[in-house]
Amino acid sequence: MAVEAVSGNGGEAVAPAPAPAKEVSAKVEAVAVAKNASFREESNSLDDLKESERKALAELRDKVEAAILEGKLFDDGKPEVKEKEEAKKKAEKAPAEKKEEEEVKKEPEAEEKKEEEEEDGKKEAEGEDKEEEEESKEKPEKETEGEKEEAKQEEAGDGEKKAETTAAVVVDKDIALWGVPLLPSKGDEATDVVLLKFLRARDFKSGAAFEMLRRTLRWRRDWAGFNAGGDADADLAEELAGACYLDGVDREGHPVCYNALGVFADDAVYKKVLGTEEGKARFLQWRVRAMERHVAELEFKPGGVASLLQVTDLKNSPGPVKKDLRVAVKQVLDLFQDNYPELVARNILINVPFWYYAFSTLFYPFLTQRTKSKFVIARPSKVTETLLKYIPIEAIPVKYGGLKRDDDTEFSGDDGEATELTVKGSSTETIEIEATEDTTLTWDLTVLGWEVNYKEEFVPADEGSYTIIVRKGKKMGSGEEAVRNAFRAGEPGKVVLTVENTSNKKKRVLYRHKARSSCAKN
1 MAVEAVSGNG GEAVAPAPAP AKEVSAKVEA VAVAKNASFR EESNSLDDLK
51 ESERKALAEL RDKVEAAILE GKLFDDGKPE VKEKEEAKKK AEKAPAEKKE
101 EEEVKKEPEA EEKKEEEEED GKKEAEGEDK EEEEESKEKP EKETEGEKEE
151 AKQEEAGDGE KKAETTAAVV VDKDIALWGV PLLPSKGDEA TDVVLLKFLR
201 ARDFKSGAAF EMLRRTLRWR RDWAGFNAGG DADADLAEEL AGACYLDGVD
251 REGHPVCYNA LGVFADDAVY KKVLGTEEGK ARFLQWRVRA MERHVAELEF
301 KPGGVASLLQ VTDLKNSPGP VKKDLRVAVK QVLDLFQDNY PELVARNILI
351 NVPFWYYAFS TLFYPFLTQR TKSKFVIARP SKVTETLLKY IPIEAIPVKY
401 GGLKRDDDTE FSGDDGEATE LTVKGSSTET IEIEATEDTT LTWDLTVLGW
451 EVNYKEEFVP ADEGSYTIIV RKGKKMGSGE EAVRNAFRAG EPGKVVLTVE
501 NTSNKKKRVL YRHKARSSCA KN
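In the UniProt record's numbering, the protein residues as written are 1 to 522.
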């Protein structure tokens, strides 16, 4: 079995070339793409870190280690807490101090009364004087006993408070984030990978990264979405089935997460999901849970794939006129930026309409510069070309111009790899696939941007046999999906795929094929 690429102008198969610099037409879009071109995901290997970055990592490790061992990782460290405790102690001491003051005031009054009685009378018997003296002696004794009792109660109260404080400090050495232990002394390499994500999100400022980690852990502990039952958002599964899902990996091995906002164009879905405050809360919960499932696919270790590639499709999206959707999207962005740092390697927006540029001004100011630098924007005419920079054509879904089909049984593994061919302007290229007798040929073919004439024929090896038209010639529009076809050869020959480029610009053709003989089938 052989395959040959024949060019009317001496062309040949070439490796994927970079997309033209003028990928987008809008000025804002061009600026965004220019920023993204320079972004490269950093290595998680300690050997690749700068000296200042190693120092920041060491500082963060020390802070996390101490906080975990002292049971203070979840502490707010706010002064209000100490102030409240001091006010409480003062409130407890106030009644006791008041009682002492009253007793001190009573003593001079008793002495004055005594002197008056002595001046007026001096007629009382010595026995009565003795009784008064005995009473005056007993009184201080009783006061002394009362003070001792109060002191004992205060000591007991302080002891209880200390016991409560001691009981509240829980040292959890097994605390983890995304399945990765956070205690550095455990010696897990994945710990540094996670800590580096928080450091990079805060420009390697260890103090800020430590506080970000604390806030993330407190949010995960307190957020109701994590405490809800497993079926809390099950009723959204059907409506949002195509709104967020993983499908394949990019050229660097990142799992690709597709987000499709077009599902909200359906009014019934929009009202059910975002029509009420309860619905918005469930949507946010559903999206966070989806993110948790996707993060579970990552490998937090040096050299491992520890981030996602996100593709957000704005085709048929309701747009900024839908306030509830706008608010929900911003909530998701805020949550992810604050609690899932550096877990998205790149965020590609496709089928971007012009209204997006106005819409983006509402949430762009709230994004960090680092987050903004990861955005790539593609207008409808450049979707496949843009995705192809980051994702192999075999892994791009057919609806986005790629060759990947759901539950594909024809192409997989080694036989699924595609070949690229360039068709120059105003020229024709043909792809010939040899076939033996009783062989079934199957092929996929797509042209970036299409706008070419395309046809398929079977040419028998016997010159006396007639050429068979497999697919009539047709002008393929820009929105066409990849072509898949099959032909069973009853005699030796070849299938010829012809691409005629009538424009002045070159076209990129990507194709693959396989053969299956009747003998192999039996």
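Hints listed in this document are in silico derivations from the structure and should not be mistaken for laboratory results.
Being a predicted model, the structure only gives us computed values, none of them experimental.
Be aware that a few hints might be false.
The list that follows gives simulated cross-link-like pairs (lysine-lysine, BS3-like), each with its CA atoms no further than 25 Å apart [said to hold, decoys possible]: (1) K301 / K315; (2) K455 / K514; (3) K475 / K455; (4) K424 / K472; (5) K301 / K186.
Pair ranges (Cβ atoms, derived) [to be verified]: (6) S373 / K315: 45 to 51 Å; (7) S45 / P492: 51 to 57 Å; (8) K186 / F354: 50 to 56 Å; (9) K173 / S412: 25 to 31 Å; (10) Q337 / G413: 45 to 51 Å; (11) T409 / K55: 51 to 57 Å; (12) D338 / K271: 27 to 33 Å.
Built from N, CA and C at the ideal position, the CB exists for glycine as well.
Cross-check of the supplied hints:
1. K301 / K315: It is violated: about 36 Å lies between the C-alpha atoms, which goes past 25 Å.
2. K455 / K514: Roughly 19 Å separates the two Cα atoms, so the pair holds.
3. K475 / K455: Cα-Cα ~9 Å, so holds.
4. K424 / K472: 22 Å, holds
5. K301 / K186: 14 Å, holds
6. S373 / K315: 45 to 51 Å: 25 Å, violated
7. S45 / P492: 51 to 57 Å: Given about 55 Å between the Cβ atoms, the range holds.
8. K186 / F354: 50 to 56 Å: The hinted range 50 to 56 Å holds for K186 and F354, with Cβ atoms some 52 Å apart.
9. K173 / S412: 25 to 31 Å: 45 Å, violated
10. Q337 / G413: 45 to 51 Å: The hinted range 45 to 51 Å is violated for Q337 and G413, with Cβ atoms some 38 Å apart.
11. T409 / K55: 51 to 57 Å: 54 Å, holds
12. D338 / K271: 27 to 33 Å: 29 Å, holds
Of the numbered hints listed earlier, those contradicted by the structure are 1, 6, 9 and 10.
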